[in-house]
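**Student:** So the chains spell out like this:
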Amino acid sequence: DAGVIQSPRHEVTEMGQEVTLRCKPISGHDYLFWYRQTMMRGLELLIYFNNNVPIDDSGMPEDRFSAKMPNASFSTLKIQPSEPRDSAVYFCASSFMGAAGELFFGEGSRLTVL
Amino acid sequence: AQSVTQLGSHVSVSEGALVLLRCNYSSSVPPYLFWYVQYPNQGLQLLLKYTSAATLVKGINGFEAEFKKSETSFHLTKPSAHMSDAAEYFCAVSGSNTGFQKLVFGTGTRLLVSP
Chain A
1 DAGVIQSPRH EVTEMGQEVT LRCKPISGHD YLFWYRQTMM RGLELLIYFN
51 NNVPIDDSGM PEDRFSAKMP NASFSTLKIQ PSEPRDSAVY FCASSFMGAA
101 GELFFGEGSR LTVL
Chain B
1001 AQSVTQLGSH VSVSEGALVL LRCNYSSSVP PYLFWYVQYP NQGLQLLLKY
1051 TSAATLVKGI NGFEAEFKKS ETSFHLTKPS AHMSDAAEYF CAVSGSNTGF
1101 QKLVFGTGTR LLVSP
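As they're listed, the protein sequences go chains A and B. Counting in the working numbering, the first sequence runs from 1 upward without gaps. Counting in the working numbering, the second sequence runs from 1001 upward without gaps.
Chain A on its own, in the form it takes in the complex:
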């Protein structure tokens, strides 16, 4: 089975531009998580979904960030407008009820905002 698939793997953009990161979870998984990793702040949970419904978005930094999960096989994380401090690696992970916290991570999307 394919793992969690994220795109793009690398994105370089200029401040003020809109950025959209995409994630396809593992088929059959009903939880989806977006994490951000930086040297300064480590791994931060931004938002997670259960059965396509956002459960906890308390980690979303500000209104410039939004996440959607229109169906069980696709999620997006959007930043508009982007700022240099948004530069980070963004990870998507999926899991399922009964996995007891075992997350399956994608390879990440490295975002650089100039």
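Please keep in mind that the hints were generated in silico from the structure rather than gathered at the bench. Careful: at least some of the hints might be erroneous.
[As the list claims (entries may be wrong)] Derived coverage of chain A by chain B (criterion: at least 3 residues anywhere in the stretch with Cβ under 8 Å from a Cβ of chain B; other residues may be distant): (1) 38 to 47; (2) 83 to 95.
[Unchecked claim] For lysine to aspartate or glutamate, the following EDC-like pairs were computed, each having C-alpha atoms within a straight-line distance of at most 20 Å: (3) A:68 x A:14; (4) A:78 x A:57; (5) B:1102 x A:56; (6) B:1102 x A:30; (7) A:24 x A:14; (8) B:1102 x A:57; (9) A:78 x A:44; (10) A:78 x A:56; (11) B:1058 x B:1088; (12) B:1058 x A:102; (13) A:24 x A:83; (14) A:24 x A:11; (15) A:78 x A:107; (16) B:1102 x A:102; (17) B:1058 x B:1085; (18) A:24 x A:102; (19) A:68 x A:44; (20) B:1102 x A:44.
Even glycine gets a Cβ: it sits at the ideal position worked out from N, Cα and C.
Chain B: place on chain A using the hints.
**Tutor:** Same frame as chain A, now just chain B:
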């Protein structure tokens, strides 16, 4: 609320030496505890997890960890380091108040293995 503290951002060992990576947790509810490993330019993958059954947990690649409630610790060990163990290791905690799904990660410990 849950949190973990990883002592030491970098740990250096020689190949064949004991590996010990330290993690202490704080949780207001009985915790589940995890160790994840991250190789360069990759996502995290689960090494092992404690889910309130046996306190000594064995994982992949010869790693194990022991849950010690009295010390609020969940240290990761491996008897003999291999060059391929060089990576970053993350301790994480979750609680029943979030269905054990919401993991809080530590800041990570980079393991360096020299020949």
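**Student:** If a hint holds in the structure, say so; if it does not, say that too.
**Tutor:** Hints, one by one, checked against the model:
Look at the stretch 38 to 47 of chain A against chain B: 3 of its residues bring a Cβ nearer than 8 Å to a Cβ of that chain, three or more, so the hint holds. With 3 residues having a Cβ less than 8 Å from any Cβ of chain B, the stretch 83 to 95 of chain A passes the three-residue criterion, so the hint holds. With a C-alpha separation of about 23 Å, the suggested pair residue 68 (chain A) and residue 14 (chain A) falls outside the 20 Å cut-off, and the hint is violated. Between the alpha carbons of residue 78 (chain A) and residue 57 (chain A) the distance comes to roughly 14 Å, so the proposed pair stays at or under 20 Å and holds.
For a cut-off of 20 Å, the pair hint linking residue 1102 (chain B) to residue 56 (chain A) stands: about 9 Å separates their Cα positions. About 14 Å separates the Cα atoms of residue 1102 (chain B) and residue 30 (chain A), which keeps this hinted pair within 20 Å; it holds. A distance of roughly 26 Å separates the Cα atoms of residue 24 (chain A) and residue 14 (chain A); the hinted pair therefore is violated under the 20 Å criterion. Taking the CA atoms of residue 1102 (chain B) and residue 57 (chain A), the gap is near 11 Å; set against the 20 Å cutoff, the hint holds.
For the proposed pair residue 78 (chain A) and residue 44 (chain A), the alpha carbon gap of about 16 Å is at most 20 Å, so the pair holds. At most 20 Å may separate the alpha-carbon atoms for a hinted pair to count; residue 78 (chain A) and residue 56 (chain A) meet this at roughly 17 Å. Restraint check for residue 1058 (chain B) and residue 1088 (chain B): the C-alpha separation of about 19 Å stays at or below 20 Å, so the hint holds. Straight-line distance between C-alpha atoms of residue 1058 (chain B) and residue 102 (chain A) comes to about 15 Å, which keeps the hinted pair within the 20 Å bound.
A C-alpha spacing of about 25 Å is found between residue 24 (chain A) and residue 83 (chain A), which places the hinted pair above 20 Å, so the restraint is violated. A distance of roughly 18 Å separates the Cα atoms of residue 24 (chain A) and residue 11 (chain A); the hinted pair therefore holds under the 20 Å criterion. At roughly 18 Å between alpha-carbon atoms, residue 78 (chain A) and residue 107 (chain A) fall within 20 Å of each other, so this suggested pair holds. A distance of roughly 10 Å separates the Cα atoms of residue 1102 (chain B) and residue 102 (chain A); the hinted pair therefore holds under the 20 Å criterion.
A hinted pair counts as satisfied when its Cα atoms are at most 20 Å apart, and residue 1058 (chain B) with residue 1085 (chain B) qualifies at roughly 16 Å. Between residue 24 (chain A) and residue 102 (chain A) the alpha-carbon distance is near 17 Å, which keeps this suggested pair within the 20 Å criterion. At roughly 18 Å between alpha-carbon atoms, residue 68 (chain A) and residue 44 (chain A) fall within 20 Å of each other, so this suggested pair holds. Our distance criterion of 20 Å between C-alpha atoms is met by residue 1102 (chain B) and residue 44 (chain A), whose separation comes to about 11 Å.
Checked against the numbered hints above, the structure violates hints 3, 7, 13; every other hint is satisfied.
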